[in-house]
Amino acid sequence: MDTVDKIPQIRLLKKGAEASLFRTQWCGRDVVVKVRIPKKYRPVVLDQQIRNYRTVHEPQLMHDAKVSGVPTPLIYLINVPESTIIMQYIKGQPVKSQLNKLDKLNRHISCVQIGESIACLHRHGLIHGDLTTSNMIQAISGRIYFIDFGLGEKNMELEAQGVDLHLFKRALQSTHFEFWEDCFTSVMYGYASIRGVQMTQKVYEKIRQIEKRGRYVEERRP
Amino acid sequence: MYPCIVENLMVKFEDLGGKYCLGIESSADDFGVGVVDFTGEILANQSDSYIPIEGGIHPREAARHHADVADSVLGQALSKAALKAKELTCIAFSQGPGLGPSLRTGATIARALAAYLEIPLVGVNHSIAHIEIGKLKSGAKDPLTLYVSGGNTLVTAYALGRYRIFGETLDIALGNCLDVFGRKAGLKGKKGLPVGAAIEQLAHNSQHLVTLPYVVKGMDLSLSGLLTAATTVLQNQVCPSKSSCQDTCRLEDVCYSLQEHAFSMVTEVTERALVHTEKKELLLTGGVAANKRLQSMMAFIAKEHDAQFNVVPQQYATDNGAMIAWTGTLAYRYGLVIPIAESMVKRRWRVDKVDVPWIQ
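Residue numbers (this note's numbering), protein chains in the order written: chain A, -10 to 211; chain B, 643 to 1002.
If you're looking for bench data, these hints aren't it; they were derived computationally from the structure. Please note that a few of the clues may not be correct.
[Stated by the list, open to error] Pairwise CB distance ranges (calculated):
no.: 1; chain 1: B; residue 1: Gly828; chain 2: A; residue 2: Gln37; range: 53 to 61 Å
no.: 2; chain 1: A; residue 1: Pro27; chain 2: B; residue 2: Lys934; range: 34 to 42 Å
no.: 3; chain 1: B; residue 1: Gln957; chain 2: A; residue 2: Glu142; range: 40 to 48 Å
no.: 4; chain 1: A; residue 1: Gln(-2); chain 2: B; residue 2: Tyr976; range: 35 to 43 Å
[As the list claims (entries may be wrong)] Only some residues are given here: those of chain A computed to face chain B with a beta carbon under 7 Å:
no.: 5; residue: Gly5
no.: 6; residue: Ala6
no.: 7; residue: Gly81
Even glycine gets a Cβ: it sits at the ideal position worked out from N, Cα and C.
Could you put the whole structure together from the sequences, leaning on the hints where they help?
Structure representation (structure tokens):
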């Protein structure tokens, strides 16, 4: 927490489940300071392992995501012992709150953009690991930034890509249950525009397979 | 045929006295009968558990056990409640999810009773019953619920007419993971307690953490890899190469590590869901809710996010008839009764497929 204490005029932006986000000025830039706070409910050794791992991997993945064509905040500083990351502040609104306010057409446009971004990640063997609409920020320019890669990984397997999209589908179902089907269709449409119809069909088949593996799914067995 | 799905069945709160519901629970190894009055007072909660001679629950043997004890458990429940069968208002039964043979045994008994007494039959979702009894007993109104048992691990909260699933296991349930590990380690649950209790006991005697897989995917988690790894460590009696220790590890250490890893995972996803849903109450329910270590972890995250922490009392944590009866009363008041012809069991009945009009 030393880094945070030393920075003047810092204010809490959001207290997440895993980390706290602070907003401040740093070297003349508008930045977000992401601090992974020790979780006292789990053993210190395990906690340290998890926080270190995620602090190191998140910026790497964010960088790789940017290379693959997905907007992500710029990384300025990483401090592993204090599990702190300083990154660019993106002015905008979380997609979670935006999506419900949009009309049908604009919702489609946003969801297609999300689908395209997910496809870009997957094409480069990147898995976000926690795709929800709270982890996407729509900037004033309209571009959708992906954040929170803490649970991400590098993985080329179809299975991982399927799980990634399955989780996003579930997130839509539980958070935007009024129109999740339209949203997901638009997402897959955007996904197909990048990865091609054939690949998208394969991924879609995988999603169906993963769903059937779930507990108490009616169509699991004939 | 009795009058089913009556439009004006909704009972006003003032008229709740003198109405009783009998609930039959038989989704897995427990056969339970509960009697509840419509104001939420539990008059009886009797049960009898099938104890396998070896291994886990054998569905056919469990069903046979239920059929054998049904008569006596029913009798005990009615005499405990000091009621005659004729005084009952409705019969509720656990319609799913669960083991087919077990469910069908309970359902058959429920149908027979309803038909004989000429009273309505109410099909109750077992998972929702766990949530509702937790709410009744703890006074929580609109909680985020972590339901952990032998067959289920899910994080759920109410939104717009249904309980929505925010996180769940991608493979095996938490209780299942503990049970299988316990059996492989040759542990036995003492006097009606599950193997998990024995693991909890042993874990108390260790502080030595062995590194095991920790798999959280968004708000979902996976426990099968953890189980395999823990079993391997147990068989080899040596820590995996990744961890820093060099000496052999005892059974206690593996129990401790398994619990810490598994519970940290469910706690992490629950915390994530708590922040995501912004609920101000947290409810822990299901068989594994009896575990003190898990309770303390949950209490910790609740405090962290200014939520009130509630845990279901121990006697209602495991499968029981009272929870079915109580949820039956709620459903009955909204006219959710089913004709016998349509009362087949649903082995895979997800929580998010059930309308819950009693919550507003």
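Results of checking the hints against the structure:
In this structure the hint that Gly828 of chain B and Gln37 of chain A lie 53 to 61 Å apart at CB is violated, the actual value being about 33 Å. For the pair Pro27 of chain A and Lys934 of chain B, the supplied restraint of 34 to 42 Å is violated, since their beta-carbon distance comes to about 22 Å. Separation of Gln957 of chain B from Glu142 of chain A is about 43 Å and conforms to the stated range, judged on CB atoms against 40 to 48 Å. Distance hint check: the CB atoms of Gln(-2) of chain A and Tyr976 of chain B are about 54 Å apart, inconsistent with the given range 35 to 43 Å.
A least Cβ separation of about 6 Å between Gly5 of chain A and chain B falls short of the 7 Å threshold, and the interface hint therefore holds. At its closest, the beta carbon of Ala6 of chain A sits 4 Å from a beta carbon of chain B; the interface hint therefore holds under the 7 Å criterion. For Gly81 of chain A, the interface hint is violated, the least distance from its beta-carbon to any beta-carbon of chain B being 19 Å, above 7 Å.
Hints 1, 2, 4 and 7 from the earlier list are contradicted by this structure; the remaining hints agree with it.
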